[in-house]
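2 protein chains.
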Amino acid sequence: MTTPTRSDCTAALDELRALLGDRLSTGSSILDEHGRDEAYTPPQRPDAVAFPRDTQEVSRIVKICARHDLPVIPYGTGTSLEGQIVPVSGGLSLDMSQMNRVIEIHEKDLDAVVQPGVTRTQLNDALRATGLMFTVDPGADASMGGMASTRASGTNTVRYGTIRENVLALEVVLPDGEIIRTGSRARKSASGYDLTHLFIGAEGTLGVITELTVKLHGQPESILAATCAFDTVEGAVDTVILAIQCGLPMARIELLDEVQMKGMNLLHADLGLAEKPHLFLEFHGTEAGVREQVETFREIASDLGGRDFAFAEKAEDRNRLWAARHHAYYAGKALKPGANGLVTDCCVPISELACCISRTKQAIEMSGLIAPLVGHVGDGNFHLAILVDPDSDDEMDRARDLAASVNKIALSLGGTVTGEHGVGVGKKKYMLAEHGGAYALMQRLKLAVDPQNIMNPGKIV
Amino acid sequence: MTTPTRSDCTAALDELRALLGDRLSTGSSILDEHGRDEAYTPPQRPDAVAFPRDTQEVSRIVKICARHDLPVIPYGTGTSLEGQIVPVSGGLSLDMSQMNRVIEIHEKDLDAVVQPGVTRTQLNDALRATGLMFTVDPGADASMGGMASTRASGTNTVRYGTIRENVLALEVVLPDGEIIRTGSRARKSASGYDLTHLFIGAEGTLGVITELTVKLHGQPESILAATCAFDTVEGAVDTVILAIQCGLPMARIELLDEVQMKGMNLLHADLGLAEKPHLFLEFHGTEAGVREQVETFREIASDLGGRDFAFAEKAEDRNRLWAARHHAYYAGKALKPGANGLVTDCCVPISELACCISRTKQAIEMSGLIAPLVGHVGDGNFHLAILVDPDSDDEMDRARDLAASVNKIALSLGGTVTGEHGVGVGKKKYMLAEHGGAYALMQRLKLAVDPQNIMNPGKIV
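Going line by line, the protein sequences match chains Z and R. Using the UniProt record's numbering, you'd call the opening residue of the first sequence number 1 and step up by one each time. Using the UniProt record's numbering, you'd call the opening residue of the second sequence number 1 and step up by one each time.
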């Protein structure tokens, strides 16, 4: 992509301002805010930020940008972790936060139609009276468009799937401004190429998601959360493998290693948990079904060294536990005041998980850094938050080396360099190693859909 | 695509024969066999049939065909229902039946790596000792490559998903002969565009699937099949809606209308079922869980007119029931000896299912034809087998009109013209109506991946 010249940009911004009025912003703090996410990608300001209100407006904006060769960077809540929303070549940041309506809830069909700026907690609040829930739950209160674009998942993916399994259809504005719909509200279809899944995980490089039809799930009759301590990470991981293999329909099964638990105790002493590797669990089902699951799980875990089971039955206790889990990153950071966390995100076949974690722990030790580990271990996915003094180039270098080691270990074990955070800028360098010849096909698809390379240039391909 | 001239074809076949020896066939009966599937598409012989043994050979074959502009039509078991494997422009039928090895079974990871010629029963036979199962079960004993290419599903999709949710990764030979891998054995990944799902449902128009990594599921501790009669189809459908809404994890929930049941009784009198609309059910879980599910289901069904519950606990009884269901097409045909069945395949949001079926039944009545109805109603998907005297042009015309009405009804209710049989030749004419502007994007993707239009030309796009 050629960087637009200043005059091009001025003409485009004039047209955009005529369309949007004060919903086009070039204010300094707004530009700064849209120039960085939660990753380590160097920030870069957009030329302007647009706040569209509906799909037609998005289409008009994209047409203007296409005419002037101005990059368009869709922006949700800015909580991406690989620089996905950083305008690396400048351009227009398309902030979807004003497209935040829950349009329809179909209780009989267990689906909802939402605008992309709706966040996961906002949707669940809207669902409260229905007995239904939306299940994808990354750490941040991310937007639906952002989660779909990053192919996000979370703590209960092991039971309910990632966003990939929870989107039925999309409305998308293509790079030439055309509006298309991918799929319908029918639960399944064999009708033509799967465009829905092409846009899920495309990080805004193929178009702008302007509406999503998402699957909902019935709230279980009974929910029980639990924690369980282990002397070793291996014991915890083996427990997970066996539970999954037995077909136990775990709703959540999260690993926090002893380092993470130490940080957890600094911030959440009220949880009262030992500084040992822990599994955080949740069981969903009928009352009898949950009892049965807990019993089976206890047997498996006890055989493998699990103990100190603690149960949280009341909603407030469960919420406290999962809030602590969702804020694990901040708990980890408490271990090194003033530090930032460089977050890794690999995913391997579950049979390789114990090996992957053990080799990762060796790599941490060699790095001399502190790196608490949390994992959606039922999926084979785990993260480190590598703690670094932001003013120390040496620590930053060592952290980058450690992250690279983790990615190499994951690939060597038949895994992927990103389970749920996506590629953005940060993981681009691993794409060829992970995908081989398939990476060139991705580039051909990008060229076919966005020949001008106007949509979020510099990401993924 | 330009139809290859005879000389081109001869040169290509000479090269192919040098590569394959007697695994290239131009025998008359072989050509006939590869010129038709189970659909109403007019048959068309390929120029030759190749029987490759491994991926490298597929790559070499495709390269030869690409050089000579000879179409390549991947062929599984020939059980497609929309003419997917008919060589409408001639070319090479690529019969994958000799690539039928189960390569690896990973019990810990609940996945298996298979060649595309493996059929669903073959895989399940190979899994018998493991306690695992592959769940996608279209009526035919289709091949894994064929099921993936058609985005197939079956009777237990409501619980375990379609093939779309059950493929982790593919190996594909692209139209230029290059071999790529899409994805890994990791359960989830946010790494780049979703190529796996691009090839699933592409019906061989984008490349040849040469290997699949598929998900397996644990065999449930307890399985109970059941049948339940209703006076009206509405009662049955309302029962299904409520059961799904309650979050009952039904493993199978199939509707057979009174016409279908009449045919069923001609062929399977031993089942001893009344000629009334029936649900065929299966419950999977722990013993206690299954008991609980059955009880809840019974309550729901009884309130809505369900009665004559009959249970099949023993494996042989269950198998008899499901074999009868899988062969419903032949039972339907028994209602009109000598007739053929023109099969429809629409899918709508489940809240529209009762309306869709009622309008469909009106259309059947107006047609004056017999058309038994079976449905994967938990997914909102149902089929008619419209019975026609193959020698009667009038009946054939009326059957085509009826099928068209069903497709229009489905689209008007926010559904799709194909839940699981795919597009092939038969449903191409509905693509624009169903997808609008998105259909042009499919065509652009096809052009990007297969600029020569060598892969299964004339299908989908």
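Each hint should be verified, as a subset may be incorrect.
Given that identical chains are not distinguished, each listed pair holds provided it fits within a single copy or across any two copies.
The calculated lysine-lysine pairs, modelled on DSBU-like cross-linking and capped at a C-alpha distance of 30 Å, are [unchecked claim]:
| no. | residue 1 | residue 2 |
| --- | --- | --- |
| 1 | Lys108 | Lys361 |
| 2 | Lys276 | Lys215 |
| 3 | Lys108 | Lys215 |
| 4 | Lys63 | Lys276 |
| 5 | Lys63 | Lys314 |
Note that these hints are calculated values from the structure, not bench results. Since we're looking at a predicted model, the values are computed, not measured.
Status of each hint after checking the structure:
no.	hint	result
1	Lys108 / Lys361	between (48 Å within a copy, 23 Å between copies)
2	Lys276 / Lys215	neither (37 Å within a copy, 33 Å between copies)
3	Lys108 / Lys215	both (11 Å within a copy, 29 Å between copies)
4	Lys63 / Lys276	neither (55 Å within a copy, 57 Å between copies)
5	Lys63 / Lys314	neither (52 Å within a copy, 63 Å between copies)
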